[in-house]
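**Student:** Each chain is listed here by its residues.
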Amino acid sequence: MITRRHLIAASGAGAALAGGTVAFPHLFRANSAVSDLPAALSQGTRDEAVLEALPGKKPLIKLTYRPPNYETPIEYFRTPLTPNDAFFVRYHLADIPEVDAKTWRLAVGGDGANDQIELSLDDLKAMPATEIVAVNQCSGNRRGLFNPHVPGVEWGYGAMGCARWKGARLKDVLDKVGVKKEAIEIVLDGADGPVVDKTPDFVKSIPVSKAMEETPLIAYEMNGGPLPHFNGFPARLIVPGWTGTYWIKHIVSIRVVTKPFDGFWMKSAYRIPTGKFPVVARFISQETEANTPITEMVVNSLLTSHRDGAAVNAGNVTVSGVAWDGGYGIRTVEISTEGGAVWSAAKLGEDLGRFAFRPWSHEFIAKPGGNTVTVRATNAIGQTQTASLILNPAGYHHNVMQTVTLNAA
Amino acid sequence: MRSVFALALGTLMATTAYAGEQSISLKKAPGLEKVEGNCAACHSLDYIQMNSPFLSAAGWDAEVTKMIKTFGAPIDDGIAKTIADYLKANYGS
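First to last, the sequence lines map onto chains A and B. Here the first sequence stands for residues 1 to 409, where the numbers follow this note's numbering. Here the second sequence stands for residues 410 to 502, where the numbers follow this note's numbering.
A few of these clues could be false.
Straight-line alpha carbon distances no greater than 27 Å define the calculated BS3-like cross-link-like pairs of lysine-lysine that follow [stated by the list, open to error]:
#: 1; chain 1: A; residue 1: Lys-166; chain 2: A; residue 2: Lys-102
#: 2; chain 1: A; residue 1: Lys-267; chain 2: B; residue 2: Lys-475
#: 3; chain 1: A; residue 1: Lys-198; chain 2: B; residue 2: Lys-475
#: 4; chain 1: B; residue 1: Lys-478; chain 2: B; residue 2: Lys-490
#: 5; chain 1: A; residue 1: Lys-176; chain 2: A; residue 2: Lys-259
#: 6; chain 1: A; residue 1: Lys-58; chain 2: A; residue 2: Lys-166
#: 7; chain 1: B; residue 1: Lys-490; chain 2: B; residue 2: Lys-436
#: 8; chain 1: A; residue 1: Lys-347; chain 2: A; residue 2: Lys-367
#: 9; chain 1: B; residue 1: Lys-443; chain 2: B; residue 2: Lys-478
#: 10; chain 1: B; residue 1: Lys-490; chain 2: B; residue 2: Lys-443
#: 11; chain 1: B; residue 1: Lys-478; chain 2: B; residue 2: Lys-497
#: 12; chain 1: B; residue 1: Lys-478; chain 2: A; residue 2: Lys-259
#: 13; chain 1: A; residue 1: Lys-198; chain 2: B; residue 2: Lys-497
#: 14; chain 1: A; residue 1: Lys-198; chain 2: B; residue 2: Lys-443
#: 15; chain 1: B; residue 1: Lys-443; chain 2: B; residue 2: Lys-497
#: 16; chain 1: B; residue 1: Lys-475; chain 2: B; residue 2: Lys-436
#: 17; chain 1: A; residue 1: Lys-176; chain 2: A; residue 2: Lys-166
#: 18; chain 1: A; residue 1: Lys-181; chain 2: A; residue 2: Lys-259
#: 19; chain 1: B; residue 1: Lys-436; chain 2: B; residue 2: Lys-497
#: 20; chain 1: B; residue 1: Lys-478; chain 2: A; residue 2: Lys-267
#: 21; chain 1: A; residue 1: Lys-198; chain 2: B; residue 2: Lys-490
#: 22; chain 1: B; residue 1: Lys-443; chain 2: A; residue 2: Lys-276
#: 23; chain 1: A; residue 1: Lys-267; chain 2: A; residue 2: Lys-171
#: 24; chain 1: A; residue 1: Lys-181; chain 2: A; residue 2: Lys-171
#: 25; chain 1: B; residue 1: Lys-497; chain 2: B; residue 2: Lys-475
#: 26; chain 1: A; residue 1: Lys-267; chain 2: A; residue 2: Lys-198
#: 27; chain 1: A; residue 1: Lys-198; chain 2: B; residue 2: Lys-437
Derived, one-sided and incomplete: chain A residues facing chain B with beta-carbon distance under 7 Å [unchecked claim]:
#: 28; residue: Thr-45
#: 29; residue: His-149
#: 30; residue: Pro-151
The hints are simulated quantities; they were obtained by calculation from the structure and are not laboratory data. Cβ coordinates follow ideal geometry from the N, Cα and C atoms, glycine included.
Sequences are here, hints too, so could you generate the full structure?
**Tutor:** Quick look at the structure:
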């Protein structure tokens with residue numbers, strides 16, 4: 001016997017719904033191959049990835065059906081805000097209930113709190129609201145480009161997005177229960193869970209000091225609308241600057257704790273070699289000599305105007321894209337058309353805040369034949385992108401400078 | 410928030426009903442039935458294709474072990490070996 005939650009029972013063409021789980025009404029919609037996946041992805045990934053729409057979503061690049069992992073095609077990053085229906089989807093575990101906003105409750109308590117409460121969505125919306133534009137990027141974005149490949153979800157460039165989030169500050173929610181002096185972490189859980197009971201539920205923690213900053217929100221709006229189901233409806237945590245692993249979707253529980261949380265997804269997963277990456281933010285209560293939880297995003301950029309290998313007319317060509325980091329803000333984006341020997345400053349676009357995608361553009365003269373364009377972003381504290389991949393076992397923090405070849409005629 | 414269903418493992422094998430999941434077609438070779446009957450209880454089988462063909466034999470052994478020891482897949486040693494052998498032979502480096 002095996003215990004399974006929210007089973008979708010299907011026989012042949014008909015999919016029946018069991019247990020209130022979200023349905024997929026488009027079961028046999030044709031999917032289409034993705035013609036322009038990065039060449040660096042493994043052949044297996046390139047063979048199985050297809051463009052396919054989840055309910056309520058535009059066709060995205062399907063990497064896995066169940067749990068659903070779908071990345072955003074780079075064309076959607078030509079604007080600094082990523083549309084909700086094109087925003088990437090990432091789940092670890094396949095039991096994903098459709099949450100009813102009316103009955104949804106957020107439980108707040110824990111041994112490090114003075115009190116415990118339950119908030120409804122109306123309660124949350126009655127609290128002072130904050131809006132912030134912030135990039136949500138999977139820790140493993142670009143994992144599929146690692147050479148040598150490392151196992152996991154083999155993302156290309158699109159396990160990220162930037163949205164205007166609106167919600168209540170996490171610190172205001174915590175103030176409602178009162179955080180004791182001896183509290184060290186905040187433990188966060190969503191309504192989604194594992195298929196088999198023995199599988200560790202996806203539960204994360206963040207330092208109390210991070211939780212009490214002004215920017216983490218319990219967000220119930222995304223770009224002016226409700227969160228899409230697949231992005232955490234009705235409310236999710238957002239931790240601007242930190243990688244997506246902490247942005248718990250369908251959040252239902254917040255516990256203030258006085259001991260380091262020892263769940264699998266903290267102790268064993270989402271860790272990077274200690275000291276190997278140039279990150280400022282640390283998670284001391286979870287750190288060991290060998291490794292430490294991933295925290296803030298590393299500075300990065302993406303050229304979105306052209307695909308690698310695109311044909312252009314010789315002469316003036318404008319390339320453009322976005323740059324982002326862990327919240328220090330982008331200082332410069334530079335372009336080299338000479339293999340890194342000479343760099344020119346790109347023009348920066350609209351500043352939507354230090355956690356947002358920063359648009360950039362640059363005009364250069366394309367010579368007949370192949371023209372390489374290399375992009376390098378630098379943030380306000382002088383951190384820049386790496387020239388060569390920083391290897392790590394789980395394939396995180398890929399911020400190698402991107403080089404695109406444009407073929408001019 | 411959740412309701413719980415207790416099911417015989419046999420029932421699970423026919424329950425891969427997400428999106429275009431039926432379109433996934435793994436290589437027909439000895440052991441495929443065990444792969445479909447066990448791995449697909451918790452995740453779609455495109456995870457296997459996606460992680461190919463770069464995992465070594467040791468790499469696939471480690472993945473199967475992780476699914477059992479870390480993620481609690483109820484798979485006994487003999488079946489685990491059949492699954493690992495299939496993955497190495499058909500999706501290994």
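**Student:** Compare the structure with each hint and give your call.
**Tutor:** Status of the hints after comparison with the structure:
Between A:Lys-166 and A:Lys-102, the direct Cα distance comes to roughly 19 Å. Compliance with the 27 Å bound is thereby established for this hinted pair. For the given pair, A:Lys-267 sits about 15 Å from B:Lys-475 by alpha-carbon distance, which is consistent with the 27 Å threshold. Restraint check: the Cα-Cα separation between A:Lys-198 and B:Lys-475 comes to about 12 Å, which is no more than 27 Å; the hinted pair holds. Taking the CA atoms of B:Lys-478 and B:Lys-490, the gap is near 14 Å; set against the 27 Å cutoff, the hint holds.
A C-alpha spacing of about 21 Å is found between A:Lys-176 and A:Lys-259, which places the hinted pair at or below 27 Å, so the restraint holds. Taking the CA atoms of A:Lys-58 and A:Lys-166, the gap is near 23 Å; set against the 27 Å cutoff, the hint holds. Under the criterion of a C-alpha separation no larger than 27 Å, the hint pairing B:Lys-490 with B:Lys-436 is consistent with the structure, at around 17 Å. For a cut-off of 27 Å, the pair hint linking A:Lys-347 to A:Lys-367 stands: about 21 Å separates their Cα positions.
Only pairs whose Cα atoms come within 27 Å are accepted, and B:Lys-443 paired with B:Lys-478 is accepted, the gap being roughly 18 Å. Among the hinted pairs, B:Lys-490 with B:Lys-443 is consistent with the structure: their alpha-carbon atoms are about 10 Å apart, no more than 27 Å. A threshold of 27 Å between alpha carbons decides the hint, and for B:Lys-478 with B:Lys-497 the separation of about 19 Å falls inside it, so the pair holds. Between B:Lys-478 and A:Lys-259 the alpha-carbon distance is near 25 Å, which keeps this suggested pair within the 27 Å criterion.
Simply put, A:Lys-198 and B:Lys-497 have alpha-carbon atoms about 26 Å apart, close enough for the 27 Å limit, and the pair holds. Between A:Lys-198 and B:Lys-443 the alpha-carbon distance is near 20 Å, which keeps this suggested pair within the 27 Å criterion. Between the alpha carbons of B:Lys-443 and B:Lys-497 the distance comes to roughly 14 Å, so the proposed pair stays at or under 27 Å and holds. Under the criterion of a C-alpha separation no larger than 27 Å, the hint pairing B:Lys-475 with B:Lys-436 is consistent with the structure, at around 23 Å.
The straight-line distance between the Cα atoms of A:Lys-176 and A:Lys-166 is roughly 19 Å, inside the 27 Å bound, and the hint therefore holds. This hinted pair checks out: A:Lys-181 and A:Lys-259 have alpha carbons roughly 12 Å apart, not beyond 27 Å. A threshold of 27 Å between alpha carbons decides the hint, and for B:Lys-436 with B:Lys-497 the separation of about 12 Å falls inside it, so the pair holds. Restraint check: the Cα-Cα separation between B:Lys-478 and A:Lys-267 comes to about 15 Å, which is no more than 27 Å; the hinted pair holds.
Taken as a hint, the A:Lys-198 and B:Lys-490 pair is honoured in the structure, with Cα atoms around 21 Å apart against an allowance of 27 Å. For the suggested pair B:Lys-443 and A:Lys-276, the alpha carbons sit about 40 Å apart, so the restraint of at most 27 Å is broken. A hinted pair counts as satisfied when its Cα atoms are at most 27 Å apart, and A:Lys-267 with A:Lys-171 qualifies at roughly 25 Å. About 14 Å separates the Cα atoms of A:Lys-181 and A:Lys-171, which keeps this hinted pair within 27 Å; it holds.
About 16 Å separates the Cα atoms of B:Lys-497 and B:Lys-475, which keeps this hinted pair within 27 Å; it holds. With a CA separation close to 17 Å, the supplied pair A:Lys-267 and A:Lys-198 stays within the 27 Å bound. Restraint check for A:Lys-198 and B:Lys-437: the C-alpha separation of about 30 Å exceeds 27 Å, so the hint is violated. Satisfaction of the interface hint for A:Thr-45 is found here, the shortest Cβ-Cβ separation to chain B being roughly 5 Å, below the 7 Å cut-off.
For A:His-149, the shortest C-beta to C-beta distance to chain B is roughly 4 Å, which falls under 7 Å, so the interface hint holds. Hint status for A:Pro-151 relative to chain B: holds, with the closest Cβ pair at about 5 Å, below 7 Å.
Hints 22, 27 from the list above are not met by this structure, while the remaining hints are.
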